[in-house]
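All chains should be modelled from the sequences, with the hints used to inform the complete structure.
Below are the chains, spelled out letter by letter.
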Amino acid sequence: MDYAVWIILFPLIGVIVNGLIARKWPEKVVGWFASLMIMASFVVALMLTIQLAGMDPHHRAMEVKFFSWISVGQLNLDFAFLIDPLSAIMMLVVTGISSLIHIYSIGYMHGDSRFRVFFTYLNLFVFFMLILVLGNSYPIMFIGWEGVGLCSYLLIGFWWEDMQKATAGMKAFVVNRIGDFGMLVAMFLIFKHLGSLTFSEVYPAAAELWGHHVDAAPVIAITLMLLLGAAGKSAQFPLYVWLPDAMAGPTPVSALIHAATMVTAGVYMIARSSMLYMLAPTSMTVVALVGAFTAIFAATIGIKQFDIKKVLAYSTVSQLGYMVMATGVAAFGAGVFHLMTHAFFKALLFLGSGAVIHTMHGALHHVDDHHTDPQDIRNMGGLRKKIPVTYWTFLLATLAIAGIPGFSGFFSKDEILASTFAHGSYLPYALGLIAAVITAFYMFRLVYLTFHGDYKGPEGSEEGIHESPKVMTVPLMILAFLSIVGGYVGLPVVFGEHAHVLKGWLEPVFEPAYEAVHYHPHHPSIGMEWMLIATSVVAALAGIFVARNMYITKGLVAKSDKEQTGFGKVLWKKYYVDEIYAAGVIKPLIDGSKVLWQKFDAAFIDSILVIGTAKTVRWIGGGLRKVQTGVVGNYAVMLVVGVILVLAALLLR
Amino acid sequence: MFDNLIAGMHVGRVLPEILVVVVAFAAILIDIIMPRGRSTRGVQVVSVLGLLMVIAASFFQRGDTGQAFSGMVMIDNYTTFFRILLSAITLLIIGVSERYIEITRIRIAEYYLMLLFALFGMLLMTMGQDLLIIFLGIETMSVSLYALVGMTRHKHASNEGALKYFLLGAFTTGFFLYGIALVFGVTGSTNIVDITVFLKSAGSETPIIAWAGAGLIMIAFAFKAALVPFHWWSPDAYEGAPTTITAFMSTAPKAAAFAAFLRVFYVAFGSMSDGWTMVLWWIAVVSMTFGNLLALRQDSVKRMLAFSSITHAGYLVVAFLTFGQQGASAILFYLVVYGIMNIGAFLVAIAVNRNEDDDKGYHFDDYKGLVYRRPGMAIAMLVFMLSLAGIPPTAGFFGKYYIFSSAVSAGFVGLAVIGVLNSAVSVYYYLRLIVNMFLTERDEETEGRIFWTGEMAQVVLICVILVLLIGLFPDTLLNAARASVAALL
Amino acid sequence: MVIGLNHYLILAALLFTIGVVGVLTRRNVLIIMMSVELMLNSANLTLIAFSHYLLNAVGQVFVFFSMTVAAAEVGIGLAIIVTIFRNTESLDIAKLNLLKN
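Chains as they are written, first to last, in our numbering: chain A, 1 to 653; chain B, 1 to 489; chain C, 1 to 101.
Bear in mind the hints are in silico, worked out from the structure with no lab data behind them.
Keep in mind that a hint or two might mislead.
Coverage of chain B stretches by chain C, computed from C-beta distances (three or more under 8 Å per stretch; other residues unrestricted) [unchecked claim]:
no., segment
1, 146-154
2, 166-179
3, 183-193
Note that beta-carbon positions come from the ideal geometry of N, C-alpha and C, so glycine has one too.
The following block contains the structure:
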């Protein structure tokens, strides 16, 4: 087991070599070195998983201790990894997808002046992500949690020439701090009530303490605070605002960090804390509702976006909502299953979109057009014949996310919906089902507008559109393969009692949580299961049919910005969330102190929830500044006021 | 008879303090003997070597604990902890000063003397077991600091900062002395042990005069630790002072103030804790919030750090008012961590500052694209900023973690929530610097020459290593802090 | 009327208050310093009164030290005032507000 440490050492070596030593190395060497380190890490993950599989199913968990980390009073923490079926899935997904995206990036980032720095950050990200999923206690998880946040921030703002992108990075970082706040408070409370922070000690202690008395106030507080953390990282309503903006970073970053791995950390954390959540049914309901609402809310916004990456971004938020919803109805396994399949097809979608943007960019450059947006799908169309590999892989991923039977997304999404229904959570089920229709619709809208119909870009630029190099298309093909077969590890019950391999694999992890509250996961009857499957399929087909009818049969062309009207405009404007925050929080303040404002409207802050709050805070700070007058006489007066207050408080106790 | 008296004084136990005074006077002599131009070099060497000896003496003397001077001072693990911390901070500051006082045209050996005298005062504060000693310690430290703030005599800002600090400091001394007089009147003693015994037996019958006295003494400590609403002097004095002195003032005197504050309130006024924890609850809240809100609005890095130091003092009060071992050890831990990261941050600020004679220096814009000019320096500053913001795996994270978890354990959940929220807000202005260093282009217009010496590089490197090392392996330091606190409680 | 402890304490408290008010209302640095001295000496008076009535010499010993400290403070204060007067030719604290906000 001692070799387990290599899983994080390889990426770390990559960081050190690329960050410090490889200054003069050629691009190819740097890129392949970084990729090889991650692949080596993947091999280690595979070996660990195989070893794990060889163990007795009920004792499938290994703690690998590296050193005694903190030992102070009651707080005893080892720096150790917990390798169990759940973390095994996570580390395979993280290292596997990362390897492919590293390779893809060699092609995508070709020629960038900061190629080496990019790969250094990317390796650093993998390092922290592995610490996040492997840590055996909340503080270690939190180190990874903050580390990936930092890397994400550095990578979103990677092309800092563009101020807007730096702002997006900042927004991501600050929103995540709100989530971190929840994590920290949850950690304090866990330690206060359970006396430990190590997973293997916290959960039995929690079962002991609250097992006969579910919904105790402390456990509700802990789980809601953890939910706040998860909402920040996994972009749940209302903290989702940073994720769409985060797409400002290079596309491989969007694929890796903001779709496949980092954003699923919140789901992982909830699944990891399944014991605590099972002990707090009230929090579970909140989790399910937040997830379901996020799923449908983001999906509707996705309908009216024109930026190819924005569509995928909202779709990611929506799919994360599904995963969170699954954990909220105690279907932790289903949540993790969808996390995995989503990692495959969403990474593929992003990489595919990256290939499209890459070639569009080149094509526009070819005709010297610097005004047309290479990411706007209204400028595309008919790319199917020009870039067939990209098209076909993109289509496969779209079929997967839409939930067409046989593709991975179908199995996982269907399981979530079926579990939700069986759990008796009909409202989340209904929201989830509608979201499924919408998902199928906007994804096919994206495919039709991008790849079908006629090319709508500037005259002559069509000639410049070429298929991407092998180093980019091969990862696409591998991911396409995974997007299809990835679902077969979790066949529905209708195919037999043990058809769901993944469920059997994950069972030992969630079993104690179910047992603690004597919960028996509900299984729909076989007939009901078929009904639910049929409903899902009909939902997906309905979405596709509408999209086909609109964009192929009727040949509708997406409207330009000015023609947006009615509810469509509301969606296009993302429900005016940004504007609402602006009007509710900022406007009153602006009116109050216009002069103060203009002076301090710092250039690198533009946005809303966070930045709106930040501005509020700054504004109050401005008022307080007047107190610090600089005149020593005033200071003395205020000091005496302080003296009087302190004495009054003490004497009139 | 005299032999007995002298033996009862245990002079050997205050060897480090004696050494500090000896070094200070040796420095005076060298300054007189050596020719004017070269004397600072000699003074620097003597001070550095002397301080190394002080640290070594404190370390090797740690086993010989007990009272000295008939109970006027107490040498225990707690004293040793602060002796080493305070001497080390002074050493770091003196270590980087030689070239700095050249370019700021201070150029006089008194700079070193005042630092050494301030150190002597601080050591008295940490060991004093009698209000007299603590009073003398505070005054020795303060008088030296007034002079240090005004060291750059030709600069108006320096004069003004010194004057403000002096006037408000002397004003507060009045309250402090009056408070001591009241406590003396009630308890009949100025010795902490006697006061403790008296107040404990008085219990709920504690006379109102004693409460007033305790309140006035609390105000004096709050003033020295720069807590709202007694902080008014600090931003202006910090900005006006030579930056090495700002780095010093925001770390060592604050640590010494908390050392004495802890001893007086945890021991002498321990029986009155339900009263003062309530007052400190409010002081903690306003200090954290006020410091943060104003730090957000600064365009000068030096002033931002000054306001953020008020916030950090507020965090320390959060741990203070838990009135328990966990909280106290969190304070000691955080004082060390804060000292390291803050000195590091100030040194980088000195290096990047465009023009030392410019009153409007230390601008955020000076840092634009620093990573492309001086990557090492930018990464060091990144580490310090992350640590100040409390992001793992830096030392600052664990410092904050222990503070807030001690508050939650003691039942102050609301306060901990306010604290963590404040710490989330503070990320904003630390991040602003990171954005400027890493995510903006170089701007030739705002670039000045970098002032960087070998000594500064060494000290910054030490600080970076310590911040990361403590962040990864915090328990050595925390156990030392706990052992020190155990001596106190 | 017999002069007792309370009379001394009340006198000291009044002097202290006068000192505080002086600091708050005066703009000339020298007068402010004098007011501070008044505060310190009223505290000294309190210490001595207690010392006398408690038959405990500690208070009087304390006063020796505090007077020395006060002298040192005045010394450094005057030095600061001299340098500031050289630079600005004014002793009005209301005009010294370069550092603010």
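Item to check | Coverage criterion applied to the segment 166-179 of chain B (partner chain C; beta-carbon cut 8 Å; 3 residues) | outcome: Result for this restraint: holds, n = 9.
Item to check | Coverage of the segment 183-193 of chain B by chain C (three or more Cβ within 8 Å) | outcome: Held - the segment 183-193 of chain B has 5 residues with a Cβ nearer than 8 Å to chain C, which meets the minimum of three.
Checklist entry - If you look at each residue in the segment 146-154 of chain B, do at least three have a Cβ nearer than 8 Å to any Cβ of chain C? => result holds (count 5)
No hint from the list above goes unmet by this structure.
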